[in-house]
Amino acid sequence: MTGSPAVLRRASAWFQGRNAFYVALLLAPPLLWLGTVYLGSLFALLMQSFYSIDEYTARIVPEFTLRTYAQLFSQPAHVDIVVRTLLMAVAVTIASAVVAFPVANYMARHAGPKMKAFFYVGVMLPMWTSYLVKVYAWRLILAKEGIASWFVGAAGLKPVLESTLELPVVGGPSLASSYLGMFVVFVYMWLPFMILPLAAALERVPRSLEQASADLGARPGQTFRHVVLPLALPGLAAGSIFTFSLTLGDFIIPSIVGAPGFFIGMMVYQQQGTAGNLPLAAAFSVVPIVLIALYLALARRLGAFDAL
Amino acid sequence: MTAAIELRAASRAFGTVVALDSISLAVAPGEFFALLGPSGSGKTTCLRLIAGFDRADSGEVLLGGVDVTDVPPFDRNVNTVFQDYALFPHMSVAENVAYGLKVRGVNAAERRRRAGEMLELVRLGAYGDRRPAQLSGGQRQRVALARALINQPHVLLLDEPLGALDLKLREEMQAELKALQQRLGITFVFVTHDQGEALSMADRVAVFSQGRIEQLDTPRALYNRPRTAFVASFVGSANVVEDAFAERLTGRRQAFAIRPELVEIVAAGDAAPEGAVRCEGTLEDVLYHGASSRCHVRVDGGPVLAVARAETAAPPGAELRQGARVSLAWRPEHAVMLEAQ
Chain X
1 MTGSPAVLRR ASAWFQGRNA FYVALLLAPP LLWLGTVYLG SLFALLMQSF
51 YSIDEYTARI VPEFTLRTYA QLFSQPAHVD IVVRTLLMAV AVTIASAVVA
101 FPVANYMARH AGPKMKAFFY VGVMLPMWTS YLVKVYAWRL ILAKEGIASW
151 FVGAAGLKPV LESTLELPVV GGPSLASSYL GMFVVFVYMW LPFMILPLAA
201 ALERVPRSLE QASADLGARP GQTFRHVVLP LALPGLAAGS IFTFSLTLGD
251 FIIPSIVGAP GFFIGMMVYQ QQGTAGNLPL AAAFSVVPIV LIALYLALAR
301 RLGAFDAL
Chain S
1001 MTAAIELRAA SRAFGTVVAL DSISLAVAPG EFFALLGPSG SGKTTCLRLI
1051 AGFDRADSGE VLLGGVDVTD VPPFDRNVNT VFQDYALFPH MSVAENVAYG
1101 LKVRGVNAAE RRRRAGEMLE LVRLGAYGDR RPAQLSGGQR QRVALARALI
1151 NQPHVLLLDE PLGALDLKLR EEMQAELKAL QQRLGITFVF VTHDQGEALS
1201 MADRVAVFSQ GRIEQLDTPR ALYNRPRTAF VASFVGSANV VEDAFAERLT
1251 GRRQAFAIRP ELVEIVAAGD AAPEGAVRCE GTLEDVLYHG ASSRCHVRVD
1301 GGPVLAVARA ETAAPPGAEL RQGARVSLAW RPEHAVMLEA Q
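Chains as they are written, first to last, in the working numbering: chain X, 1 to 308; chain S, 1001 to 1341.
Where hints are given, some of them may not hold.
[To be verified] Below, computed lysine to aspartate or glutamate pairings styled on DMTMM-like, alpha-carbon distance capped at 25 Å:
1. X/Lys116 with S/Glu1247
2. X/Lys114 with X/Glu210
3. S/Lys1102 with X/Glu145
4. X/Lys114 with S/Asp1054
[As the list claims (entries may be wrong)] Part of the chain S face toward chain X, derived, beta carbon under 8 Å:
5. Ala1051
6. Pro1073
7. Asn1079
8. Phe1082
9. Asp1084
10. Tyr1099
11. Arg1147
12. Leu1249
[What the hints assert, rightly or not] Some chain S residues well away from chain X (every beta-carbon gap over 10 Å; in silico):
13. Pro1089
14. Gln1174
15. Thr1282
16. Leu1287
Source of the hints: derived by calculation from the structure; they are not laboratory data.
We treat Cβ as the ideally placed atom computed from N, Cα and C, and that holds for glycine.
Same shape as in the complex, but just chain S:
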């Protein structure tokens, strides 16, 4: 099957700053694909190469198997939902949505009909005559979506589309976007710095760091089998144990990661489960989060490890006190060995 999008060794530098360092990836048709990374990691540059707003210094960009490296954005069958939505302020909502048809010479009646349909699709049927400035953030987001979908692109690019929305709305839109993608069956490529968003929406996630793809995997694989310390701590939270202390615990001088929810606090006298890795330490603080508490334990002669403790795991009245001596235990198979960087 031909990939919907393919990058082959694409590089882009701005002056001396390398934004993308020989990136290769392939996105399958109909896939919901996330580009995840901190700001400046190259994920947005990657999106701009696919949209055609920027050109790779070297390497190739293919859409549906066709080399589009030198094709300008207006000749690519790709549409974008911009971070700031980029709605045209001097046009009505319906005119914004119909813009892609207008510049292709579709007649006015047909434009009106299809813009109406798109607005219905994003549940804004009654808002066609308003100006973008009269809409809320979530509504503008949906107008941007309708506008980008009207040309029936093979690929929809979304640049931090939920970044400007508040938490509640963001969660609603996540579900809505996911449902829309499944209904339309088009390829979505979606840039975000929010790992939760990437994990909950995407089929596959490319984790970017310093212009390179650190790991490209399904959300579950990323979380359960992070390959590097960066991925382990950027996707979810993780205790990364390195060097001498790792050697002391496992006998091998290789870094490993252990998720806070997989570390158990064992009362000082109790025996740890059979075969568990065990270490002693002092409780530094406890942050209460409702469903769970987060404990930070300074291990004797070692680093501070985080432990997530489910509310149900703590018997009433048996609260942990700051400064208490505790012992930590985890199953060795839960620790994920990390590649050296």
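Bound conformation, chain X alone:
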């Protein structure tokens, strides 16, 4: 450190022996960020959900009440929205895991260095494109005269698509205006968030553990079930937290693709915007937080984090 000013050198010397001060200095920015910006706004949101709106004046009454939550759970339409969103989040999470596992497994354990780099870039590439562009592109792909139905027709599977679209709940006039189409878009959108943590977890499973398992008489299926899958579970849990919470909170995909039924995110958007009912919007946004907390508790119960 020749030529550095004496002041800096003295400061370095001073820091050298004072670890606690140094750590405090490092901790201050993240703590400020978490404490004020994140927890602060979360707390403000929670507060709002315990207020209510005066139906005549449309003004917020800043007094503690459970009326807003009562309103949320007593109206069947509201409960429907919560159930619909939850079911979609569960379906998207399961489908993402099923689709992501073979991809992540190939990337982490079978691909050579070049192929691995190619796959990592390939998985992340869609994230560099605007979210809105992708959703609108999907609406065109899934439209009645879109490439998806053309492709299905060319493969001679038109009757299969038509009978699928006639199914209650998931069906609709076209893929672009059905829950099935919305589900496809959700899975496409969140797939990288599932693949990446899963691949990272699978990469950390030592090869010798699989060999030890085979050595002790386990067939490949048993090795997968008893060794690889349990050790990949933290990655699966991390990925599913992404897919689950992203689906619970999203309001753009349900408003562009799919059937007209409302989702939680859309409800929050509408209540705090057009309707001006901030307490109800706040109550609605508390729902995903609670659901994710329950989900994490369940995952922990099932031992998803044991291998950490």
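Mind docking chain S on chain X? Use the hints.
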């Protein structure tokens, strides 16, 4: 008697690197067999062929007389203790040990009983509920051993099993492994780069170098009658004398090896024993090891030879000084003629 393990002209190459070059060997049932060699000599590849983790490009692998060349590891009656132990981190010690029974569909009560027995055998009876991460290196080693033995294999393979342990523990485990092998009577095949370990534990040792078996013999024969310069200097230490200098001493242009402890330092004036080979030189340095000292002597017009001198051979006060003129002598029958390489 059918060999427990037999390799017939087994070869394995990784790209252009030949890991095993047409290896043939046979291990007798109940034998404690060591594969010894420096890293990259092919000993681990050889073990992997026997376990079934790798397949020979050509040649055959037989277990108990049955060709298993194309049999996957889970259908071979062979179990392995891995170098890093490869214990399952998400299972308890008892679950690790019982794993081999679990995948074979043995019921839970029976699994628990036999895992308990195996843990008793390796003196870890009280540790069944712990996780592998809560154990010391030596304990993990013993869990790996118990896990590998629970399926009652005909052959136990050990891949550098003591490599990660410290010296004291390693010596204890050597004795323990040897005793265990004798008690169970199963064939042990054991990979190591530590010649001391191979000599002290094995019934027979195959010395590997560059994908070939350099010599396959009992430890005593390996030490006393090494066939090549590589074996002479890899197993124990040896002075390998070659070419012109060998010719000058023996009259034959053939390399020979002489162990440092068989070379004597004779004071300059004294007569050497009758018939001894003798040469003069300058003492370059002396390394004191306690029980013995190691002297390096630059022979006039020749190489540097090592001499191990027992502490009792040096009379008090008669220490050798660096730069002193000394004469070296050894009995001609102690020199081992080496094959040309």
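So, going through the hints one by one against the coordinates:
{"no.": "1", "hint": "X/Lys116 with S/Glu1247", "in the structure": "violated (59 Å)"}
{"no.": "2", "hint": "X/Lys114 with X/Glu210", "in the structure": "holds (24 Å)"}
{"no.": "3", "hint": "S/Lys1102 with X/Glu145", "in the structure": "violated (55 Å)"}
{"no.": "4", "hint": "X/Lys114 with S/Asp1054", "in the structure": "holds (24 Å)"}
{"no.": "5", "hint": "Ala1051", "in the structure": "holds (6 Å)"}
{"no.": "6", "hint": "Pro1073", "in the structure": "holds (4 Å)"}
{"no.": "7", "hint": "Asn1079", "in the structure": "holds (6 Å)"}
{"no.": "8", "hint": "Phe1082", "in the structure": "holds (5 Å)"}
{"no.": "9", "hint": "Asp1084", "in the structure": "holds (6 Å)"}
{"no.": "10", "hint": "Tyr1099", "in the structure": "holds (5 Å)"}
{"no.": "11", "hint": "Arg1147", "in the structure": "holds (7 Å)"}
{"no.": "12", "hint": "Leu1249", "in the structure": "violated (50 Å)"}
{"no.": "13", "hint": "Pro1089", "in the structure": "violated (6 Å)"}
{"no.": "14", "hint": "Gln1174", "in the structure": "holds (23 Å)"}
{"no.": "15", "hint": "Thr1282", "in the structure": "holds (48 Å)"}
{"no.": "16", "hint": "Leu1287", "in the structure": "holds (39 Å)"}
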